[in-house]
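S.K.: Chain residues, written in single-letter form:
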Amino acid sequence: MDLVTPQLGLIFWQTITFLIVFILLAKFAWNPILSGLKERELTIEESLESAKKAKEEMSLLKSENEKLLVEARQERDKILKMANETASQIVNKAKDEAQTEANKQFESAKASIINEKNAALREVENITASLSLQIAEKILKKELTSDASQLDLVKQYIKETHLN
Amino acid sequence: MNLLKKIIFSLILLTGFISAQASESHSSESTEEFKPGEMILHHIMDAHEWHFASVGNYDYVIPLPIIIYSEKNGLVYFMSSEFRNAKREFQGYHLDHHEHIHSLYESEKIYDLSITKNVASLLLSALILIIVFTTVAGYYSVNEGKAPTGMQSFFEPIIVFVRDDVAKNVIGKKYERYMPYLLTVFFFIWVNNMLGLLPGGANLTGNIAVTMVLAIFTFIITTFTGNKTYWGHIFNTPGVPLALKPLIIPIEIVGMFTKPFSLMVRLFANITAGHIIILSLLGLIFIFKSIFASLISLPFAIFMSFLELFVALLQAYIFTLLTAMYFGAAVEEHHHEHEKHSSH
Chain A
1 MDLVTPQLGL IFWQTITFLI VFILLAKFAW NPILSGLKER ELTIEESLES AKKAKEEMSL
61 LKSENEKLLV EARQERDKIL KMANETASQI VNKAKDEAQT EANKQFESAK ASIINEKNAA
121 LREVENITAS LSLQIAEKIL KKELTSDASQ LDLVKQYIKE THLN
Chain B
1001 MNLLKKIIFS LILLTGFISA QASESHSSES TEEFKPGEMI LHHIMDAHEW HFASVGNYDY
1061 VIPLPIIIYS EKNGLVYFMS SEFRNAKREF QGYHLDHHEH IHSLYESEKI YDLSITKNVA
1121 SLLLSALILI IVFTTVAGYY SVNEGKAPTG MQSFFEPIIV FVRDDVAKNV IGKKYERYMP
1181 YLLTVFFFIW VNNMLGLLPG GANLTGNIAV TMVLAIFTFI ITTFTGNKTY WGHIFNTPGV
1241 PLALKPLIIP IEIVGMFTKP FSLMVRLFAN ITAGHIIILS LLGLIFIFKS IFASLISLPF
1301 AIFMSFLELF VALLQAYIFT LLTAMYFGAA VEEHHHEHEK HSSH
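Residue numbers (the numbering used here), protein chains in the order written: chain A, 1 to 164; chain B, 1001 to 1344.
I should point out that these hints are in silico values taken from the structure, not numbers from a laboratory.
On a predicted model such as this, the values are computed, not experimentally measured, just so you know.
Worth double-checking, as some hints may not be accurate.
As the list claims (entries may be wrong) - Using 25 Å as the maximum straight-line C-alpha spacing, the simulated BS3-like pairs for lysine-lysine come out as follows: (1) K1035/B / K1087/B; (2) K38/A / K1168/B; (3) K1168/B / K27/A; (4) K52/A / K1146/B; (5) K95/A / K81/A.
Said to hold, decoys possible - Far from chain B, some chain A residues (derived; all Cβ distances over 12 Å): (6) E66; (7) K67; (8) K81; (9) E97.
All C-beta atoms in this analysis are idealised placements derived from N, C-alpha and C, irrespective of residue type, glycine included.
Bound conformation, chain A alone (with noise of 0.2 Å):
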């Protein structure tokens, strides 16, 4: 059967042929290709992780400010109740301060009319005793002419300080 006998002249130019062409291709075609093809792959690759590492960044920068927004009004309301109460604290204190100085000034006041007083009081006193030791300076200086007119004189004389 010669359609299953393998010819020894296919068996040897078939072996050549396909073995040149092996070599060639594998040199000139395959490796070239193949090479090619890594490198585009691996670029493009390359570029959609980058792409998405981009992505990522853009939005963790997104969020990020967002963040940073709500921070920042959360900061601005802090500040504003804080400015608030010192503002409702100073004008507390003012009025606490105005108020103690009042009474202060209340109290001193009080105090320096009933010292005023209290001296004035003193200096009645004074002028009553130095008034009384006139008045008897007087009644002893009129040597007690006669007893109607001393007890006038007294009279007279206490009259007297009463009015003054």
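Dock chain B against the given chain A, drawing on the hints supplied.
M.R.: Just chain B now, with coordinates in the frame of chain A:
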């Protein structure tokens, strides 16, 4: 496109070599009745000249070089047209009707290394492969960092398919070093299958010598790249009781050879069978000696031709896939028993 034009132009030039030659022996044959078996075998077998058509007493053929290595005369070469005489003899050599060359001297041992129709087709396909794929490779430096264009965009998906779905899938990590062989085998078989479908084309991949050489290359690469695990599976098959080993080892050794043998037969039989079916369908016209037979046989033959276009690709794929599987088995890493159990 430019390249395609060049190829077509060369083919047209080639047909210029077709010479009409009177063949007395053929003319006597043509008066005989039509023998479909002979016709089919004539078409699927190798020949020493490239025969396209016979019109009347004239055969339209491309004469091919006859190269004979004789122990006595050394290398002898002449054109096959020299055999076109009544006795089919030249310089003491005779070409019989089964396309065998014999020496007229019994004692002379000769080796027929002629550029037969198949060899010529083989050289043509080699030329096509080298031109096409070096051109495609050129695109990769021109289009570096850019999208593929032209022929590159046609072949790239195929190359990527062979790489990803055949080599990477089947062989695994070490696929890269087998890629040049797998790609060469795939495109060699595909191109030659397609050339074989052309009218007047040679049935190269349907020739057992060609498929045998391809299978032997696969066998050699498998054997020489086989690792410890591969040989361990053959000579010390895991999970086999010692008593069975004397039985298993010969089976495994035979298995080493049946794999490439099946590759050889599968491609040869598939391609040859396709050619035989188409030729048989067309032969019906001549058997019935009626043009009306073509009403049935022609649609079938056209259908078969389309099927063969698919088979041409399919068989190239199958040969490459099985080759990759054998390579994969040769470089498969050792699996521990418990890993196997856990994976199932």
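S.K.: Run every hint past the structure and note whether it holds.
M.R.: Right, here's what the structure says about each hint:
For the suggested pair K1035/B and K1087/B, the alpha carbons sit about 23 Å apart, so the restraint of at most 25 Å is met. With a C-alpha separation of about 13 Å, the suggested pair K38/A and K1168/B falls inside the 25 Å cut-off, and the hint holds. The suggested pairing of K1168/B with K27/A holds, with an alpha-carbon distance near 21 Å, which does not exceed 25 Å. Restraint check for K52/A and K1146/B: satisfied, since their Cα atoms lie roughly 21 Å apart, inside the 25 Å limit.
Of the supplied pair hints, the one linking K95/A and K81/A holds, its CA atoms being roughly 21 Å apart against a limit of 25 Å. Once the 12 Å rule is applied to beta carbons, E66/A is consistent with being away from chain B; the minimum gap is 38 Å. With a closest Cβ-Cβ approach of about 40 Å to chain B, K67/A is found to remain outside the 12 Å limit, as its non-interface label requires. Against the 12 Å criterion, K81/A stays outside the reach of chain B, whose nearest CB is about 60 Å from its own CB.
Distance check on E97/A: its Cβ is at least 80 Å (rounded) from any Cβ of chain B, clearing the 12 Å threshold; non-interface status holds.
Figure legend: structure checked against the earlier numbered hints; every hint is met.
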